[in-house]
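Heads up, the sequence shown is in the numbering used here, so the first residue is 1 and it goes up one at a time.
Please note: incorrect hints may appear among the correct ones.
As the list claims (entries may be wrong) - For each label pair, taking beta carbons as the anchor points, the in silico distance ranges come out as:
{"id": "1", "residue 1": "L183", "residue 2": "K155", "range": "36 to 44 Å"}
{"id": "2", "residue 1": "M67", "residue 2": "T11", "range": "23 to 31 Å"}
{"id": "3", "residue 1": "W205", "residue 2": "E117", "range": "31 to 39 Å"}
{"id": "4", "residue 1": "I111", "residue 2": "V201", "range": "23 to 31 Å"}
{"id": "5", "residue 1": "M47", "residue 2": "M67", "range": "38 to 46 Å"}
{"id": "6", "residue 1": "I49", "residue 2": "I198", "range": "31 to 39 Å"}
Claimed, not checked - Simulated pairs of lysine-lysine, DSS-like, Cα-Cα distance not exceeding 27 Å:
{"id": "7", "residue 1": "K9", "residue 2": "K19"}
{"id": "8", "residue 1": "K155", "residue 2": "K132"}
{"id": "9", "residue 1": "K51", "residue 2": "K126"}
{"id": "10", "residue 1": "K19", "residue 2": "K173"}
{"id": "11", "residue 1": "K155", "residue 2": "K42"}
{"id": "12", "residue 1": "K140", "residue 2": "K126"}
Worth flagging that the hints you see were computed from the coordinates, not collected in a lab. A virtual CB, placed ideally from N, CA and C, is assigned to each residue, including glycine.
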Amino acid sequence: MELSVLLLKLTEGMWISTKIFVLTLLFSLPLGLFVAFGRMSKNPFIMNIVKLYISVMRGTPLVLQLMVVYYGPYFIFKLSTPDRFLAVIIGFVLNYAAYFAEIYRGGIESIDIGQYEAARVLGYNKSQTFLKIIFPQVVKRILPAVTNEVITLVKDTSLAFVISVSEMFTLAKAIASAQRSVLPYVVAGIFYYVFNFIVAVVMEWWENKLAYFS
Numbered sequence: 001m002e003l004s005v006l007l008l009k010l011t012e013g014m015w016i017s018t019k020i021f022v023l024t025l026l027f028s029l030p031l032g033l034f035v036a037f038g039r040m041s042k043n044p045f046i047m048n049i050v051k052l053y054i055s056v057m058r059g060t061p062l063v064l065q066l067m068v069v070y071y072g073p074y075f076i077f078k079l080s081t082p083d084r085f086l087a088v089i090i091g092f093v094l095n096y097a098a099y100f101a102e103i104y105r106g107g108i109e110s111i112d113i114g115q116y117e118a119a120r121v122l123g124y125n126k127s128q129t130f131l132k133i134i135f136p137q138v139v140k141r142i143l144p145a146v147t148n149e150v151i152t153l154v155k156d157t158s159l160a161f162v163i164s165v166s167e168m169f170t171l172a173k174a175i176a177s178a179q180r181s182v183l184p185y186v187v188a189g190i191f192y193y194v195f196n197f198i199v200a201v202v203m204e205w206w207e208n209k210l211a212y213f214s
């Protein structure tokens, strides 16, 4: 297979990988914040339910979770299996929301209690205090940990192969098998590296922009 054709096919797979990446972040980042609030809830029932969810998501392989999301409706409830791509997004979002929740929680709990008291003295309500004073500092503090998870997500998109979603790694593996060549893997590795390099540069730029919260 000519290199140009190989690049074209892998670019198509990279588009699928990119969609998985973007949609996962789009939904898991805000969901993780809500999960973090549940984890810090003073209601024991809510707190324990959320703790269990986080424990399961972090304690079982993402591959297994994807299989449960895709095959579970049929084998458990006798419903039709969902769209493969939708199952991938649901599985990734639920998994990464649990990790982001713990990152958020660590950031929120690291803020000195005196800042809440000072905001109350200045007349801020709870929502204003969190959005205007606490959250910007939290984002600054958790950004390195979030960056690690985002970079991991780029590589984890390859796990979509388990329910036959043809992202870049799946296509590279199929082409390598058909052509009996390692070149597709090399090209795929370069694609992943460039993707992660861009992500790292963007996250570092964002971290520098928030330096005034130090």
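Hints, verified against the model:
1. The hinted window of 36 to 44 Å between L183 and K155 is violated, with their beta carbons roughly 20 Å apart.
2. A beta carbon spacing of about 28 Å between M67 and T11 agrees with the range 23 to 31 Å that was offered as a hint.
3. Distance hint check for W205 and E117: the Cβ-Cβ separation is about 34 Å, which falls inside the suggested range of 31 to 39 Å.
4. Between I111 and V201 the C-beta distance comes to about 28 Å, which sits within the given range of 23 to 31 Å.
5. Restraint check, M47 to M67: a C-beta distance of roughly 29 Å breaks the suggested window 38 to 46 Å.
6. In this structure, I49 and I198 meet the distance hint of 31 to 39 Å, their C-beta atoms being roughly 38 Å apart.
7. Among the hinted pairs, K9 with K19 is consistent with the structure: their alpha-carbon atoms are about 16 Å apart, no more than 27 Å.
8. For the given pair, K155 sits about 34 Å from K132 by alpha-carbon distance, which is inconsistent with the 27 Å threshold.
9. Restraint check for K51 and K126: the C-alpha separation of about 24 Å stays at or below 27 Å, so the hint holds.
10. Simply put, K19 and K173 have alpha-carbon atoms about 20 Å apart, close enough for the 27 Å limit, and the pair holds.
11. Between K155 and K42 the alpha-carbon distance is near 36 Å, which puts this suggested pair outside the 27 Å criterion.
12. As the CA atoms of K140 and K126 are separated by approximately 20 Å, the hinted pair is consistent with the 27 Å bound.
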